[in-house]
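Please model the complete structure; the sequences and the hints are all you need to start from.
Protein chains: 2
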Amino acid sequence: MIVTISREFGSGGRELGKRLSEELEVPCYDSTILKILSEEQGLDPQYLSHISEKSIQASYPLTIGHRFSLAPDYGMDQAVKVAVEQRKVIEGLAARGDCIIIGRCADVILRDRRPFNIFVYANKEAKLERCIRRAPEGERLSPAEMERYMRRIDRDRAQHRAFFTDAKWGAKESYHLCIDTSGVEIRQIVPPLAAYVRTWCAARG
Amino acid sequence: MIVTISREFGSGGRELGKRLSEELEVPCYDSTILKILSEEQGLDPQYLSHISEKSIQASYPLTIGHRFSLAPDYGMDQAVKVAVEQRKVIEGLAARGDCIIIGRCADVILRDRRPFNIFVYANKEAKLERCIRRAPEGERLSPAEMERYMRRIDRDRAQHRAFFTDAKWGAKESYHLCIDTSGVEIRQIVPPLAAYVRTWCAARG
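Line by line, the protein sequences are chains H and S. Numbers 10 to 214, taken from our numbering, label the letters of the first sequence in order. Numbers 10 to 214, taken from our numbering, label the letters of the second sequence in order.
Read the hints as simulated data drawn from the structure, not as lab findings. Hints are not guaranteed to be accurate.
Since the list can't tell identical chains apart, any single copy or any two copies may satisfy a pair.
Claimed, not checked - SDA-like cross-link-like pairs, simulated, lysine to any residue; straight-line CA separation at most 20 Å:
#1 K181 with L137
#2 K133 with R164
#3 K133 with D175
#4 K133 with V117
Right, here's the structure in full:
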């Protein structure tokens, strides 16, 4: 049973993954993947986080499309290298056994293992409310600032996915179940969701 | 508990609705809505079915965009009249109590009752297989013919929705749960789905 979770920023996808992990009693990996990678490769975790989560375009705005045919670009090269290494970590984790993986194009990377792919989304109001509620004291953004920030993160995720895969981020056709979390508590919907995932995985054989 | 189901042709949305209705023990309405309407209005059921399920554009290709400013067009007028009457029947059914309504823009019509809106989809292969398996003896289309037919029905549904509502057909943002039925038996996924719907409706209050 391999479950992947993609999500809009602020939709509660990470919380859903963590709770689903407890309910299904399987490990859940998210930024832990980068931690494993930073330990394996001796790289700075913050650098890894920057290079793997930003969109390629956002990180290297001057090189894409301009110097593609020139000598290999260091930043570009590093981003692809990190993606390749991250892919290996994800494949290794899935090979170990049942698990949930949040983000990182795991649904595409693990396609051959036929994972159950979930996309989590919510309406703008619900996402804003969640983000503002969760922001650490002293880091509160105004609703307008938060909305811009949310949009940027989602755009980065979509661009990152478009660069490394052929599956469109957030298009329902890429997922087995798309879940709107607006107006409900995630802890309440997780138990029946876990039953759905269990049944689907057993039915699919 | 009001549940609406929109679906791609061949995805098994109707079967899912019927089975969910048994599981939740609430009535399920689909083409029965037209039957009620035909009895109420003394109209031919086949005519009603034609006028309500085709896209407006497909039914009246010469009038839209060309004669809009001229005298009211009979066909156009009738289509809108049927949509208005159908809307009243749907509102009446929902007012009676818990139910499941398949198609007919019920998610938009019943918006104020805050229904749980499901969209059912599947990949092309799964839909083709289902449609060909279900076709009556002697009415078998070739896979290519069936694919064209499937696309036409879905296009009609999308256009019908676009004409009568502001919500995009099949866009996940319009639904609370989008379900891919490819590769699984619908009877197997319905029990956990029913639990999810029950939980969501209770959690939403």
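Going down the list of hints, with the structure as the test:
1. K181 with L137: between (22 Å within a copy, 19 Å between copies)
2. K133 with R164: For K133 and R164, the Cα distance is within 20 Å only inside one copy (15 Å; across copies 28 Å).
3. K133 with D175: The answer is between: 17 Å across copies meets 20 Å, while 27 Å in one copy does not.
4. K133 with V117: Answer is between: at 19 Å across copies they meet the 20 Å cutoff, but 27 Å inside does not.
In summary, this structure violates none of the numbered hints.
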